[in-house]
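K.L.:
Here are the chains, one letter per residue:
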Amino acid sequence: MRVEGTLSLVAYVIRRDLLLAMRRRADVLTTLFFFVIVVSLFPLGVGPDPNLLRTMAPGVVWVAALLASMLSLGRLFSADYLDGTLEQMMLTPQPLSLMVLGKVVAHWLVSGVPLVLIAPVLGIQFNLDLEALMVLVVSLILGTPVLSIIGAIGAALTLGLRGGGVLLSLLVLPLYIPVLIFGAGAVDASLSGLAFQAHLSLLGAFTVFALLFAPWATAAALRISME
Amino acid sequence: MLEVAQLECVRGDRRLFSDLSFALGPGELLQVRGPNGAGKTSLLRMLCGLMLPAHGEIRWKGSPVKELGENYYRDVTYLGHLPAVKDELTAEENLRIASGLDGIEIERREAYAALKTMGLQGRETLPAKVLSAGQRRRVALARLLVCGTVLWVLDEPLTALDRSAAGLVQSLIAGHLEKGGVAVLTTHHDLHLQSRHLELGT
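Sequences listed follow chains A and B, in order. The first sequence maps to residues 2 to 228 in my numbering. The second sequence maps to residues 21 to 222 in my numbering.
Fair warning: there could be bad hints in the mix.
To be verified - Partner residues aside, some chain A positions facing chain B, computed with beta carbon under 10 Å:
hint	residue
1	Leu10
2	Thr86
3	Glu88
4	Pro94
Keep in mind that the hints were calculated from the coordinates and are not lab data. Just so it is clear, CB atoms sit at the ideal spot from N, CA and C, and this is done for glycine as well.
Take these sequences, add in the hints, and give me the full structure.
P.N.:
Here is the structure:
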């Protein structure tokens with residue numbers, strides 16, 4: 002049976018990457034525990050003043066999410082690159098950007114979604130109220146896909162380079178700044194009793210914009226890296 | 021079917037080959053030979069579009085490969101130096117997923133039959149990391165049984181294989197050529213197959 006249609010390849014790549022992630026659970030868990038530990042260190046370091054913790058919470062959770070996503074980005078293409086699978090993926094009878102899209106979605110499901118799920122629990126450590134917790138979760142749902150999508154460009158550009166991990170952070174972290182500002186800003190606004198919808202709308206717009214353009218850029222970067 | 025005109029390959033500041041032209045029709049096999057570093061793998065990667073030639077053109081069924089884009093890959097199977105076998109997956113999963121990415125989803129039954137032909141009966145559900153180098157190469161080669169493509173580009177397909185498996189691969193290629201397929205390969209082994217030769221680096 003031929004795999005026809007553009008979406009079936011995307012679904013196929015997602016299924017494959019999720020299966021691989023299931024077989025390598027340690028990778029997923031390290032990212033998640035890194036996030037939990039970084040966020041939990043702050044209350045211990047700054048002291049138990051509830052007001053101070055509440056003001057810090059949005060920034061701390063979001064910065065930890067950015068760093069956690071950096072941890073897993075290095076593996077996005079490198080494992081497939083090293084065993085030759087990436088070469089084969091470039092030779093599929095479908096546009097390479099669709100394969101990239103599939104890999105990015107799988108990466109988000111494996112490294113982004115667990116952060117979203119654990120974030121409310123961590124938020125309680127910072128004395129966030131229910132509304133702020135909800136806004137935090139929604140902002141992470143809208144914002145973490147951008148981390149995977151934009152990060153994939155950096156991962157593709159640094160593929161096969163020695164010390165690529167550090168270079169990857171230098172390339173990608175500055176691009177995460179808008180997401181950080183509006184993600185943390187939404188929670189901040191909710192904490193000060195202001196309207197937060199505009200922040201969330203902008204985050205959603207970033208995700209849509211990145212989804213439209215980044216897979217092409219990533220595919221082009223992969224072609225350059227593979228030559 | 022496959023035409024190559026005035027192809028030139030430059031790696032860094034070295035010109036590996038230039039003005040290379042040949043044409044292959046249905047049922048023809050081209051064996052690329054030459055010393056290490058002569059550009060055999062580069063030529064094969066160019067034929068698949070993984071590398072761009074510095075100069076010259078590759079045409080498939082009359083149209084330039086550059087214009088065919090992804091449609092070209094419906095007709096091509098490439099097996100490179102790296103076997104593209106994932107350690108975490110079993111032999112069967114490796115074969116089915118590799119084939120699915122090629123655009124052809126196969127049943128478990130077909131995968132088992134292909135692995136049996138490659139001499140991997142009883143090892144279908146073992147993770148690839150416990151297989152030997154030769155067995156992993158066999159898993160990779162099993163793709164040739166299920167791919168159904170016209171052009172095979174094989175980079176050192178006989179590496180790490182024992183004598184019987186090497187014979188099996190050669191008979192696979194012979195069957196492919198009989199059906200009107202085209203194949204390009206590099207190898208340092210002696211082939212029993214009738215083939216045309218291309219010497220690089222002389």
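K.L.:
All hints are to be evaluated individually against the structure, with a verdict given for each.
P.N.:
To see whether the hints hold, each was checked on the structure:
no.: 1; hint: Leu10; in the structure: 8 Å, holds
no.: 2; hint: Thr86; in the structure: 5 Å, holds
no.: 3; hint: Glu88; in the structure: 6 Å, holds
no.: 4; hint: Pro94; in the structure: 4 Å, holds
Figure legend: structure checked against the earlier numbered hints; every hint is met.
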